[in-house]
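*Asks:* One line per chain: the protein sequences are A and B, in this order.
In the numbering used here, each residue's number is its place in the first sequence (first place is 1) plus 18.
In the numbering used here, each residue's number is its place in the second sequence (first place is 1) plus 15.
Simulated from the structure, these hints should not be mistaken for lab results.
The structure presented is a predicted model; accordingly, all values stated were derived computationally and were not measured.
A virtual CB, placed ideally from N, CA and C, is assigned to each residue, including glycine.
Derived pair list, reagent style PhoX-like, types lysine-lysine, alpha-carbon separation capped at 25 Å:
{"#": "1", "chain 1": "A", "residue 1": "K87", "chain 2": "A", "residue 2": "K357"}
{"#": "2", "chain 1": "B", "residue 1": "K299", "chain 2": "A", "residue 2": "K287"}
{"#": "3", "chain 1": "A", "residue 1": "K87", "chain 2": "A", "residue 2": "K320"}
{"#": "4", "chain 1": "A", "residue 1": "K87", "chain 2": "B", "residue 2": "K44"}
{"#": "5", "chain 1": "B", "residue 1": "K201", "chain 2": "B", "residue 2": "K119"}
{"#": "6", "chain 1": "B", "residue 1": "K343", "chain 2": "B", "residue 2": "K409"}
Residues from chain A shown here face chain B by an in silico Cβ test under 7 Å; the list is partial:
{"#": "7", "residue": "R73"}
{"#": "8", "residue": "Q77"}
{"#": "9", "residue": "G191"}
{"#": "10", "residue": "G193"}
{"#": "11", "residue": "A222"}
{"#": "12", "residue": "L275"}
{"#": "13", "residue": "T311"}
{"#": "14", "residue": "N314"}
{"#": "15", "residue": "S317"}
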Amino acid sequence: MFKFFRRKKEAEEVIEEKTEQALEKSRGESGIFGQIGKLFEVDDITDEFWENLERLLLQADIGINLTDKLIENSQRRTLDERTRRSRDVEVIFRREMIRTLAEVQNKAQAAVDALHRKEASDREWDRKQQEKQQLKNRPKGTPPPPPAAIPKVTPGAEGEKRPYVIMVVGVNGSGKTTSIAKLAAYYQSGGASVVLGAADTFRAGAIDQLKLWGQRLNVPVVARNYESDPAAVAFDTVKYAQENGADIVIIDTAGRLQTNFNLIAEMQKIERTIEKAQVGAPNEILLVLEAVTGQNGLSQAKHFTNAVGIDGIVLTKLDGTAKGGIAFAIANDLKIPVKYIGTGEKVVDFAEFDPEAYVNALFVRN
Amino acid sequence: MFETLSERLEGTFRSLTGRGKLSEDDIRKAMVEVRRALLEADVNTIVAEEFVKDVTEAALGSKILTSLTPGQQVIKIVNDKLTELLGGETEEGEGVDNELNLSKTPPTVIMLVGLQGSGKTTTVGKLALALRQKKHRPLLVAGDIYRPAAVEQLQTLGRQLDIPVYSEGTSVAPPVIAQHAIAQAKKNNNSVVIVDTAGRLQIDEPLMEELQRIKADINPNEILLVVDAMSGQESVNVAMEFNRRIGITGLIITKMDGDARGGSALSVRAVTGVPIKFMGIGEKLDALETFYPDRIAQRILGMGDILSLIERAQAAYDEEEAKKLQDKMRKGKFDLEDFLNQMRNLRKMGPLSGILGMLPGMGKQMKEMRNALNTPEAEAQLRRTEAIVLSMTKKERQDPDIINASRRRRIAAGSGTGVADVNELLQQFRQMRQMMQMASKGGGMNMANMGSMLGQMGGGGMPGMGGMPGMGMGGGARKQTQAPRDPLADFKRGGAPRPAAPNGAARPANGGPAPVRSAGAPGAGVNRPPKKKKK
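Hey, can you work out the whole structure from these sequences and the hints?
*Replies:* Structure, rendered in structure tokens:
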């Protein structure tokens, strides 16, 4: 029991440390979020202070709408609490930011908890409902409940093992393949057996890239030739995982712009085909978004979620000076949570996303 | 996703028509909206602030041209300033700098740099293809030894294009590879060497030093920074740092085929002063375009990309053919053969949804229409229509009146449709011919009407693509012809007469945003909505 808690605590520390490390670089003179922390080192809160804050939030790609909202809310609370002290305002503002991210995260968590409670009372009924819902009524635009900490899929009728299937999507160059390698290593470290599917059959070198990662991680990669049908690759991968009793399947897909109708249709076909290979799959669809993305990130999240229903975001390339402020806007507008962050080119540069750790790290002063 | 600047300004200025000058207050109000629009397009905050200051100065006291409303006057000033900032023609008369700087003694050395995932390797391939089309003999250099399979990616591109790739695997340092490549280019008489480099963060000290070493060793004629059109505020810091460390000579903006407004392109151009040379507009290797500042300015303002549309139309239409067609229409001799040609011409311009994306003024109706056309049903309906026409004999196409019940049955069977579908098509065709005859008296068949008709044929009861400026086919595609008002349109599109255009929505000069002709809700017309596929 104690050991468990200790392990949990250690894990939390690691996440915090990683988040801090990732954000450290941007806290120098040029980093935006470091400046936010500095901004609060004034005695009194003035109009000029709010203007400066607005500029910094905009520079973090948080977007004009959410920036306005954050500032208005903070101003109102500042008035309510009758304070002009910068310390108090910092606390208020920090809370506003955390809330923007945590609301979505908590809602998703609450949904998981509710499911678990139900399952305990009437397992069979619930499973049917759950399967049905996953099949048909997956709410578009709102994220379906995320998996519990250790994703497991109910075995088939004959008791055969079914893998937990994750499909990874995103625009070109967002970092899908690298994120998949990281995700594989992450699940592997938890003792899971992982299979990768090279369903990006379009981009030159994509299959080789995934195969190289497979070799490095000692993870099987199911692949066909370039220009073969990506849906077929996905199908093969799920079947292979079923036959070999793997725990997790991660499907790589080609980068596609959210406005390209045909490619979005192709992605939907991959999803449908995975569902044919295993009822209820894919169990999780992750959108990979790079931290440097601007306001177009909203359009990406919206289009992808309309097409296949996004369960969460992998925010990549957080090791640069960009801090992925658009993820705040997406959480706020579309209620899609950030699940993981990528903080470098190595497989270990990866962590679960923790809103509080993230925002607090932004406010740390050098 | 975002309201366009023009829509916003129309709102701000609705009450301000007919005044001689813009007051300071008007301009201040407008600038709030201008700033918002720029920020939503990812223009850097500092650049946006500077820009707003500039525009305010230019707008203060400027006379409102008689043809424009105050809102449009501001848009015109903003548009002109944006174009200038993007490297368009300046008042000093300098032209657009979008040519590559080629070395007098070959080989010309071009080096591509940028963040991870910005599209360097793909762009190397595109650039090579573009240069070969200009009779160059390019050699590609695989200088990204870090990302797994980056070398393979470039080799694959080289094979696809049949262009040689120089690589030394992943264990030789990139500066050495680059030097060897140039030696080989000299030996093999390659006129251009394009060096791919690994994606790197501008704060990655060792990798930035590596770039400096490559630069010192091979002394490139062009160092092009590849910038993702979807990138946000940070692109400015990235570009400034790359520029400071290695001195970039040009920019390539990639992924412009999406719906990113590309404000980052503007920002990077503004802070570095380096010209934008090319834009990547698709995944295919020929999807690289020379950069035109005015087009991006319009896009940032949400005004659509009319010029590209006109170019595509010109490529798809033959003027000679268009004149003949116009003649036929006036005489009411437009037949199904012509209809088929027109439909194919329109489709040559790309998928309907893509064409609509280039239209200006994504007003409410335009958005509805775009959504309605952006469905597989609309495309499928067009294909079905084509199949029906193709199942007719030549004689039937030239003289549709001879199509009797027995012919109808044959056509339906031949095209895999039903007799009702054939009837529907024929009825629509008759209406269309009538409409054309009336319209052509007003000044020539134009794309607006064509679009409207195909819209109806395609999706059923679609509101027309009305009011596209500059698309007249009659007298050269660049000439402005106002879309003739279709007398039947009100009736056909749901009965409600169109409201008179409010003053704020008058037609602007110079290919500005065209007001979208108001039209009934999609599907409200006499035509049936598209059929859902039976399951």
